[in-house]
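With the sequences and hints as input, model every part of the structure.
Each protein sequence line maps, in turn, to chains A and B.
Quick note: the first sequence uses our numbering, first residue 1, plus one each step.
Quick note: the second sequence uses our numbering, first residue 1, plus one each step.
If you're looking for bench data, these hints aren't it; they were derived computationally from the structure.
Worth double-checking, as some hints may not be accurate.
Listed next, with one range per pair, are the computed distances between beta-carbon atoms [what the hints assert, rightly or not]:
{"id": "1", "chain 1": "A", "residue 1": "P101", "chain 2": "B", "residue 2": "G498", "range": "53 to 61 Å"}
{"id": "2", "chain 1": "B", "residue 1": "S162", "chain 2": "A", "residue 2": "M1", "range": "34 to 42 Å"}
{"id": "3", "chain 1": "A", "residue 1": "L62", "chain 2": "B", "residue 2": "A75", "range": "55 to 63 Å"}
Once the Cα atoms are required to be at most 20 Å apart in a straight line, the calculated SDA-like pairs of lysine to any residue come out as [what the hints assert, rightly or not]:
{"id": "4", "chain 1": "B", "residue 1": "K744", "chain 2": "A", "residue 2": "T289"}
{"id": "5", "chain 1": "A", "residue 1": "K39", "chain 2": "B", "residue 2": "K14"}
{"id": "6", "chain 1": "A", "residue 1": "K39", "chain 2": "B", "residue 2": "K141"}
{"id": "7", "chain 1": "A", "residue 1": "K39", "chain 2": "B", "residue 2": "Q282"}
{"id": "8", "chain 1": "B", "residue 1": "K223", "chain 2": "B", "residue 2": "P510"}
{"id": "9", "chain 1": "B", "residue 1": "K141", "chain 2": "A", "residue 2": "Q44"}
{"id": "10", "chain 1": "B", "residue 1": "K14", "chain 2": "B", "residue 2": "A640"}
{"id": "11", "chain 1": "B", "residue 1": "K744", "chain 2": "A", "residue 2": "A301"}
{"id": "12", "chain 1": "B", "residue 1": "K744", "chain 2": "A", "residue 2": "R146"}
{"id": "13", "chain 1": "B", "residue 1": "K141", "chain 2": "A", "residue 2": "P128"}
{"id": "14", "chain 1": "B", "residue 1": "K744", "chain 2": "A", "residue 2": "A235"}
{"id": "15", "chain 1": "B", "residue 1": "K141", "chain 2": "A", "residue 2": "E41"}
{"id": "16", "chain 1": "B", "residue 1": "K141", "chain 2": "A", "residue 2": "S136"}
{"id": "17", "chain 1": "B", "residue 1": "K223", "chain 2": "B", "residue 2": "P511"}
{"id": "18", "chain 1": "A", "residue 1": "K39", "chain 2": "B", "residue 2": "D676"}
{"id": "19", "chain 1": "A", "residue 1": "K106", "chain 2": "B", "residue 2": "A678"}
{"id": "20", "chain 1": "A", "residue 1": "K39", "chain 2": "B", "residue 2": "K223"}
{"id": "21", "chain 1": "A", "residue 1": "K39", "chain 2": "B", "residue 2": "E72"}
{"id": "22", "chain 1": "B", "residue 1": "K141", "chain 2": "A", "residue 2": "R2"}
{"id": "23", "chain 1": "A", "residue 1": "K106", "chain 2": "A", "residue 2": "R146"}
{"id": "24", "chain 1": "A", "residue 1": "K39", "chain 2": "B", "residue 2": "L677"}
{"id": "25", "chain 1": "A", "residue 1": "K39", "chain 2": "B", "residue 2": "T280"}
{"id": "26", "chain 1": "A", "residue 1": "K39", "chain 2": "B", "residue 2": "R281"}
{"id": "27", "chain 1": "B", "residue 1": "K744", "chain 2": "A", "residue 2": "G291"}
{"id": "28", "chain 1": "B", "residue 1": "K141", "chain 2": "A", "residue 2": "L40"}
{"id": "29", "chain 1": "A", "residue 1": "K39", "chain 2": "B", "residue 2": "G498"}
{"id": "30", "chain 1": "A", "residue 1": "K39", "chain 2": "B", "residue 2": "P511"}
{"id": "31", "chain 1": "B", "residue 1": "K141", "chain 2": "A", "residue 2": "A133"}
{"id": "32", "chain 1": "B", "residue 1": "K744", "chain 2": "B", "residue 2": "L754"}
{"id": "33", "chain 1": "A", "residue 1": "K39", "chain 2": "B", "residue 2": "G78"}
{"id": "34", "chain 1": "B", "residue 1": "K744", "chain 2": "A", "residue 2": "R292"}
{"id": "35", "chain 1": "B", "residue 1": "K744", "chain 2": "A", "residue 2": "P298"}
{"id": "36", "chain 1": "B", "residue 1": "K23", "chain 2": "B", "residue 2": "D563"}
{"id": "37", "chain 1": "A", "residue 1": "K39", "chain 2": "A", "residue 2": "P128"}
{"id": "38", "chain 1": "A", "residue 1": "K39", "chain 2": "B", "residue 2": "L754"}
{"id": "39", "chain 1": "B", "residue 1": "K744", "chain 2": "A", "residue 2": "R2"}
Using N, Cα and C, we set each Cβ at its ideal position, and we do this for glycine too.
Spelled out, the chains give:
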Amino acid sequence: MRPFTYERATDAQSAVRAAVETPGARFIAGGTNLLDLMKLEIEQPQHLIDVGRLPMAGIESLADGGLRIGGAATNTAVASDPAVRARFPVLSEAIVAGGSPQLRNKASVAGNLMQRTRCAYFYDTAKPCNKRAPGSGCGALEGLNRNAAIFGASHACVATHPSDMAVALAALDARIETLTPSGESRSFTILDLHRLPGETPQIETHLIAGELITAVVLPPPPPGGQVYRKVRDRASYAGGLASVAVAGGQVALGMVAHKPWRAAEAEGALASGASPAEAIARELDGASTLGRNDFKVPLVARLVAAAIGEANGRGA
Amino acid sequence: MSSVHDWTPTNPVKENRSGLIGKPVDRYEGPLKVTGTAPYAYEVQTPSPPAYGVMVGATIATGRITGVDIAEAEATAGVLIVWTHLNAPTQAPRGTKVHPRSSAGSKPALENDRVTYFGQPVALVVGETLEAATAGAHRVKLTYAEDHPDVDFRARLDAAVSPVGEEDVEIGNFARGFTESPVQLDQTWHTPIQNHCQMEPCASTVWFEGGKCVAHTSVQMVKPAQHGLAETIGIPRDDVHLMTRYIGGGFGGKGQTYDDLVLAALAARALGRPVKVAFTRQQMMHGTIHRPATVMRVRLGAEKDGRLNAMSMMTWTHCHRDGNFTEHASNFSRALYAAPNRLTGHRLVKLDLPGAGPMRAPGEASGTLSLECAMDELAEQLGLDPVELRIRNEPPTDPENGRPFSMRQLVRCLREGAQMFGWDRRLPTPGLVRDGRWLVGMGMAAAIRGNFLLPAKCSFTVDADGVITVKQGMTDIGTGTYTVLAQIAAETLGVPLGQVRVEIGDSELPPAPGSGGQFGAATAGSAALAAGQNLRTAIAELATGDEASPLFGGRPVDVTFQDGLVAIGNRSEALAELIRRAAPEGLTVEGEIRPAADAREWSQQTYGAHYCEVGVDPVTGEVRVRRMLGVFAAGRILNAKTARSQLTGGMIWGVGSALTEGNAVDPRYGSLINQDLAQYLVPVQADIGDLEAIMLDEVDDKANPMGVKGVGELGNSGAGAAVANAIYNACGVRVRDYPITPDKLLAGLIARGL
Ligand SMILES: Cc1cc2nc3c(=O)[nH]c(=O)nc-3n(C[C@H](O)[C@H](O)[C@H](O)COP(=O)(O)OP(=O)(O)OC[C@H]3O[C@@H](n4cnc5c(N)ncnc54)[C@H](O)[C@@H]3O)c2cc1C
Ligand code: SF4
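Given below as structure tokens:
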């Protein structure tokens, strides 16, 4: 680990100011992702701004039936919140499908959205990786890439975003609220938070430097049942091979792309009366695979059809 | 010469007057471990502030180091030493044994510019703090001339040859027996590399004190570690005091020492202060040994009634370019089932991969994953119940060499297991049972693992407080050695458990072979029993010869030991009182066990049967174990709790082997893909449903004076096959390439139209 300096932010405004004024500064919340990466020197911040204790950990119900979740709220707090469990069960299910209780107790909502890929070549600093060392190549492209993306990947990077929570948020049409370094608040849909890798996989989001995620806002839940299903090698404490969040007619996929993947094609097909199987097949027409991850296509097809069926059952 | 018959007379363990033998007593060192106060090698308190060493691993698999730039590392704040092969202290050439009877030769670190596996330690950075050393280690810049690594095992099967000094074993005529069999099975299974993933990575803390090298390390065998270190750094063996008091898992991976030990010693000597060196979790994957991958071809030829005519098991496996280790996955099959025509053997290919070596139940753990599934497939072909097929092939004597079995209760394990598990509820046709979204199936497999006894010594001391101290150069790798030694001592001397101290893991104590091959408890315990019996004799003679003792004038053989008293009939006194008066300095005696000269006249194994119920999600190919039962026959059980933990731990390993565990090689780099425990998946709590291990009553008089056998590896043998067979019964898909992950199962499910 490289030596770094540390400060604990007391308010959001000073946090974003410090973030642009201090060279090599990064926010830290639970530290469950950032510290691991720093120990391996994959991340090398010179300065950490602890935003984990900023007064933005609350969960409040909104007049329209939605919910505002503070960026510093822990994953455990969100998953166990009565309003979340009652009205957004897909979010609760997605969060508890991730990590372990210990991790969820520490992990923040913003940190979860910003966590980095679990690609093994990204983690092994002896290997080429365009995300870690831009221009060095992609170790996974022709490597052991069972878990590579099937949507939106590029030759530069085939990694997936590993978050479970973000998949549910994508299905729920969540909006991200931020504070920019110039002190302005912004709000945009979660689908505009993460980027596809393109030629610059090291740039993972559309946030500007020093921009702080202050909250996630959920609009009122769409009508219909909600379900989160994650396929993984072991029963708990494992990254997914694929996941799906269904909220009424809204469907998002996880671990299939560089970002939580809203299955727009499938949704369109469903809306025009296609069966779940037909609908997801439509989405998967756009998939491309590398050999070792071929199985993700049938897996997603079966998983999504089953999950939509289950959600319909719950919604009825 | 000794004979197993010398072990027949009764002894305090067999008599078990206080009932301590077999009792599920808590771990002797349990409170230390659960309060985090057991000093593992890295946590040992040093006499002065230590420095911290961090190793740097090679980033190529094979080639030479051509450039070394340590300037930036040396300039890192707090860095004290930066060594590569260019400036490391001189060590004895590899394999040197100045002392001809050393149990290990020199193993120099940073030996030369040659890299023979990815991750090989190629530099050491020592700093004032772990952080300084780690920062320095990241700044060591090495350049390499890289050769193309030859690492793709499955692509190199053509290069495999018989291991040195080994030949295939054929009994009868396999080819004819197989061809003439009306029912035949010929299938091939694959198992991956497995990493030991001990909770405690390999680590050492070393300092020099009065000319002596005091070394704490995490190792399963004390003497080879002591000797190897002395030979490497060129000092007399007795000048190395090696200790390994608490070990956070070994599993065979700590049967040898690694560069952490030698480097800590060299740095401690150079700096004149204590030095700690540990592997990181990531470094453990490449820097220590692994269980090699296998390809196993099993051929079975049977009569229509299920009797085997012909059985063959051939294993292909790999080891390090300079090594010879062979995963003997075919060996166990030589003793398991009757068949007149038999062919077994191994083929080895040398690769530019890290060292292959033993891992918990070497041979059986991989081997049963093929043969025990082959038996399941054959049973289906024959329309026979898999339990019945095994019973029909139960041999009366060892099928390979005709020797009588010392004790074999395999059939009883099979039958009692079937009954307890409710095996009769299994439907032979796969895919018929559903529970919600899960397809449910049952599978079973037999378990077998050899049993061994090695030479060992032990000393017992009784002091003026009546406290018994057991001393032995034995190790406890988490298995329960401390505890069973305490039980044997307490039972033998008739004192409460609280009055026993156990000191192990120390090269200056009477030597014992350590932990491995599930020989630990039997070997160390038998030596302890001998020491206990000798101490009884010494105490009895003391009491009957002491005028002040109420036992005075009695016959030493009549003295009994119970409840802290020594007695003859109704004459008694407290053991402590006797010692305080008659031997205030205490009494110390040694005991010893040696294998009996005629022990090999019996075929000796431990046995078991696994039963497993799994759920398969037909949509996703996910498998979850719902319940599992193992029934085992492994001699007298010394401690029902620690033995059960060993067996269930082995079973859980089997679940991992079947479903999640394994590492894969990226042939471009010669490295393993999974480098931490977020990627290398061992089972977690949620993967293990209802799990039980039952131990049948058994005493094997041919094993050792106590009649105990090993349980440390038996649970692992066959467990994974039971899971695989249950998967088939659930959904009708056989995956013969472990681990059976959703991607592999899905292909079969789709092919079956599920
Ligand atoms: C072993 C293991 C298994 C895991 N398994 C799963 C899993 O199955 N599913 C899953 O979804 N996740 C999993 N995780 C990931 C875990 O969810 C994340 O590590 C966690 O959510 C990160 O939150 P944090 O608060 O600790 O973030 P930190 O580590 O503190 O920060 C992560 C990133 O977020 C940035 N950041 C933090 N706060 C803000 C903010 N307010 N605004 C802008 N940027 C910010 C930081 O700068 C940093 O780049 C696993 C992690 C581990 C270690
Ligand atoms: S897939 Fe992306 S993260 Fe993985 S090696 Fe390639 S560039 Fe790096």
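Structure-based check of each hint:
| no. | hint | result |
| --- | --- | --- |
| 1 | P101(A) to G498(B): 53 to 61 Å | violated (37 Å) |
| 2 | S162(B) to M1(A): 34 to 42 Å | violated (49 Å) |
| 3 | L62(A) to A75(B): 55 to 63 Å | holds (56 Å) |
| 4 | K744(B) to T289(A) | holds (16 Å) |
| 5 | K39(A) to K14(B) | violated (54 Å) |
| 6 | K39(A) to K141(B) | holds (18 Å) |
| 7 | K39(A) to Q282(B) | holds (11 Å) |
| 8 | K223(B) to P510(B) | holds (10 Å) |
| 9 | K141(B) to Q44(A) | holds (18 Å) |
| 10 | K14(B) to A640(B) | holds (16 Å) |
| 11 | K744(B) to A301(A) | holds (16 Å) |
| 12 | K744(B) to R146(A) | holds (11 Å) |
| 13 | K141(B) to P128(A) | holds (17 Å) |
| 14 | K744(B) to A235(A) | holds (17 Å) |
| 15 | K141(B) to E41(A) | holds (15 Å) |
| 16 | K141(B) to S136(A) | holds (17 Å) |
| 17 | K223(B) to P511(B) | holds (7 Å) |
| 18 | K39(A) to D676(B) | holds (13 Å) |
| 19 | K106(A) to A678(B) | holds (17 Å) |
| 20 | K39(A) to K223(B) | violated (36 Å) |
| 21 | K39(A) to E72(B) | holds (19 Å) |
| 22 | K141(B) to R2(A) | holds (16 Å) |
| 23 | K106(A) to R146(A) | violated (29 Å) |
| 24 | K39(A) to L677(B) | holds (15 Å) |
| 25 | K39(A) to T280(B) | holds (11 Å) |
| 26 | K39(A) to R281(B) | holds (12 Å) |
| 27 | K744(B) to G291(A) | holds (13 Å) |
| 28 | K141(B) to L40(A) | holds (16 Å) |
| 29 | K39(A) to G498(B) | violated (44 Å) |
| 30 | K39(A) to P511(B) | violated (41 Å) |
| 31 | K141(B) to A133(A) | holds (17 Å) |
| 32 | K744(B) to L754(B) | holds (14 Å) |
| 33 | K39(A) to G78(B) | holds (18 Å) |
| 34 | K744(B) to R292(A) | holds (11 Å) |
| 35 | K744(B) to P298(A) | holds (12 Å) |
| 36 | K23(B) to D563(B) | holds (17 Å) |
| 37 | K39(A) to P128(A) | holds (19 Å) |
| 38 | K39(A) to L754(B) | violated (45 Å) |
| 39 | K744(B) to R2(A) | violated (41 Å) |
Violated hints, listed in ascending order, are 1, 2, 5, 20, 23, 29, 30, 38 and 39; each of the other numbered hints is respected by the structure.
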